[in-house]
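Colleague: Okay, here's what each chain looks like letter by letter:
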Amino acid sequence: MILQGKVWKFGDDVDTDQIIPARYLNSSDPKELAKYAMEDARAGFAEIVGQGDIIVAGKNFGCGSSREHAPICIKAAGITGVIAPSFARIFYRNSINIGLPIFESKEAAEAIEEGHEVKIDATSGVIEDMTTGKSYQAVPFPDFMQELIAAGGLMNYIKKNKMDK
Amino acid sequence: MGMTITEKILAAHAGLDEVKPGQLINAKLDIVLGNDITSPVAINEFEKVGSETVFDKCKICLVPDHFTPNKDIKSAEQVKQVREFANKHEIENFFELGQMGVEHCILPEQGLVGPGDAIIGADSHTCTYGALGAFATGVGSTDMAAGMITGEAWFKVPESIKFVYKGELQPHVSGKDLILYTIGDVGVDGARYMAMEFTGPVIDNLPMDDRFTMCNMAIEAGGKNGIIAADEKTMEYVNGRFKREAVVYQSDADAEYAKVIEYDCSKIEPQVAFPHLPENTKPISEVGDIRIDQVVIGSCTNGRISDLRIAAEFLKGQKVASHIRCIVIPGTPEIYRQAMHEGLFDIFLDAGAIVSTPTCGPCLGGHMGILAKGERAVSTTNRNFIGRMGHPESEVYLASPAVAACSAIKGKIAGPKEVLSK
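Heads up: the protein sequence lines correspond to chains A and B, in order.
Under the working numbering, the letters of the first sequence match residues 1 to 165, in that order.
Under the working numbering, the letters of the second sequence match residues 1 to 422, in that order.
Worth double-checking, as some hints may not be accurate.
[Stated by the list, open to error] Within a straight-line C-alpha distance of at most 30 Å, the following computed DSS-like cross-link-like pairs (lysine-lysine) qualify:
# : chain 1 : residue 1 : chain 2 : residue 2
1 : B       : K74       : A       : K31
2 : B       : K57       : A       : K159
3 : A       : K160      : B       : K28
4 : B       : K20       : A       : K59
[Said to hold, decoys possible] Residues of chain B placed beyond 12 Å of chain A at every Cβ, according to the derived structure:
#  : residue
5  : N35
6  : P40
7  : G151
8  : R192
9  : V247
10 : D254
11 : E269
12 : S306
13 : G343
Please keep in mind that the hints were generated in silico from the structure rather than gathered at the bench.
In this text the structure is predicted, and so the values were computed from the model without any measurement.
Backbone N, C-alpha and C fix where the C-beta goes; we use that ideal spot for every residue, glycine too.
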């Protein structure tokens with residue numbers, strides 16, 4: 001799978017309260033949540049983000065709450081992938097579970113700037129900054145996580161491997 | 001090679017003799033937990049794949065505590081969905097208003113979690129139960145849905161960091177101060193993906209309520225779980241409450257740790273975490289003059305009976321400053337009743353504070369204490385992220401119940417010394 005889009009840049013330790021403030025968590029509808037994606041990190045983000053865009057952020061992206069609404073709203077807002085030097089544990093797990101591709105690469109996260117056009121080969125983890133022509137390699141997923149991703153997320157995996165037994 | 005407590009619990013629940021950090025395992029779960037924000041998403045996933053039954057109606061806990069008593073129509077509908085799911089699947093531990101408490105206060109109190117358990121909860125502070133010598137970790141709603149169907153979850157066995165707390169605690173220094181100090185030291189990602197094992201003579205002497213507080217905030221250092229080996233105090237706490245058999249694990253002497261960090265607690269003052277990260281901690285003597293508007297005493301971090309007693313100790317015979325809104329929230333109906341019978345409510349009300357029914361409300365800017373633009377709060381909760389308690393331009397300072405109560409009296413961030421020395 002190839003992802004390609006314009007980059008929006010964020011800093012270190014972007015927490016889940018900035019990604020989707022709790023005041024909107026009285027809904028679990030992805031379309032509704034998407035209206036407020038990243039609102040407390042950058043007001044009005046949902047209005048300027050385009051379908052296929054990519055977030056490049058600093059370390060420990062998604063720290064804080066277990067709210068799955070965070071990766072859900074990012075995905076529903078049109079973001080197809082997130083690149084960061086590191087992700088908080090629950091956000092990482094939730095992203096894999098719901099099928100939001102995320103990529104760990106310190107070099108890419110530091111070098112790629114806002115507005116750049118980026119192409120990611122989600123299978124190989126090769127990130128290409130089309131604006132500068134430089135390439136980076138993301139940390140590959142362990143085999144089991146690749147299985148989850150290939151199955152289309154955790155629930156499809158469970159359905160295929162556990163429920164039909 | 002020996003194993004840590006975390007490794008032993010995971011091995012036992014995966015049916016393996018031993019596990020090593022980095023290993024991917026599938027573990028059987030003793031409890032799967034969700035609240036009113038995370039459960040609806042899990043229920044949707046559960047139903048989307050056509051699942052008809054839960055793995056065990058006794059091992060699922062549904063606690064609508066975040067926006068309850070419901071603050072608006074949408075939040076009422078969320079709880080209604082959880083309630084209907086609980087009824088349909090005859091979930092034993094659905095907590096309706098009246099029985100409902102803040103989830104991480106009520107589960108240990110009602111004996112639903114205990115030593116040796118493996119627990120997932122769709123709430124990041126599920127790590128609280130590590131205080132009982134359990135492996136407990138926060139997950140998202142999809143993991144919760146999978147857990148409700150299969151009774152299992154996959155885990156990467158975490159490396160462990162051993163924290164050793166030595167020396168004598170200064171007066172009015174609590175578990176909250178120790179964990180804020182620790183997060184200040186290692187940073188908000190200092191224990192990312194790892195188990196934080198709290199040990200040492202100070203921990204041995206620490207009351208259970210303080211142990212819950214410490215494990216509660218392991219997630220604020222990025223930890224997968226916090227854990228304290230069960231000892232006599234733990235057994236005293238769980239005896240008569242815990243409905244299953246406690247399994248006590250100790251880390252082996254030759255267990256391998258990613259790091260061992262020692263603290264001399266005699267040097268640790270009451271701590272305050274400045275906006276907007278729990279790692280921005282300062283000792284109370286270095287805080288300076290910071291005027292505040294609101295104080296919140298409660299939450300899954302510090303809404304237990306000993307927290308309320310400490311707050312009352314300082315508020316007794318005092319008044320909260322005239323410009324301060326002071327909100328006290330007992331964590332469960334039992335804590336509420338206990339505090340009421342001990343006369344703590346009189347102390348709070350005489351001081352000009354208010355007492356709320358159990359709720360997570362203000363902690364996450366849900367309801368019952370939202371901050372306006374530019375306002376500041378001292379709170380015994382666990383997070384001070386941007387916009388956490390209300391307006392994105394408001395500020396939250398994290399502290400212990402003692403510091404929160406003293407701050408309410410002084411109208412600015414203040415420690416016990418300032419209140420006691422007058």
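Colleague: Hints first: check each against the structure and report whether it holds.
Modeller: Going down the list of hints, with the structure as the test:
1. For the given pair, B:K74 sits about 15 Å from A:K31 by alpha-carbon distance, which is consistent with the 30 Å threshold.
2. Restraint check for B:K57 and A:K159: satisfied, since their Cα atoms lie roughly 20 Å apart, inside the 30 Å limit.
3. For the suggested pair A:K160 and B:K28, the alpha carbons sit about 19 Å apart, so the restraint of at most 30 Å is met.
4. Restraint check: the Cα-Cα separation between B:K20 and A:K59 comes to about 26 Å, which is no more than 30 Å; the hinted pair holds.
5. The claim that B:N35 is not at the interface with chain A is violated, since a C-beta of that chain comes within 12 Å of its own (minimum 9 Å).
6. Non-interface status of B:P40 relative to chain A is broken: a Cβ of that chain comes within 12 Å, the nearest being about 5 Å off.
7. Non-interface status of B:G151 relative to chain A is broken: a Cβ of that chain comes within 12 Å, the nearest being about 10 Å off.
8. At the 12 Å boundary, the C-beta of B:R192 falls inside the reach of chain A, the nearest C-beta of that chain being 6 Å off.
9. Once the 12 Å rule is applied to beta carbons, B:V247 is consistent with being away from chain A; the minimum gap is 25 Å.
10. No Cβ of chain A approaches the Cβ of B:D254 within 12 Å, the least distance being about 27 Å, so the stated non-interface status holds.
11. Against chain A, the non-interface label of B:E269 holds: every CB pair exceeds 12 Å, the least being about 25 Å.
12. In this structure B:S306 is separated from chain A by more than 12 Å, as the shortest Cβ-Cβ distance comes to about 26 Å.
13. At roughly 34 Å, the least C-beta separation between B:G343 and chain A is larger than 12 Å, which holds for a residue marked as non-interface.
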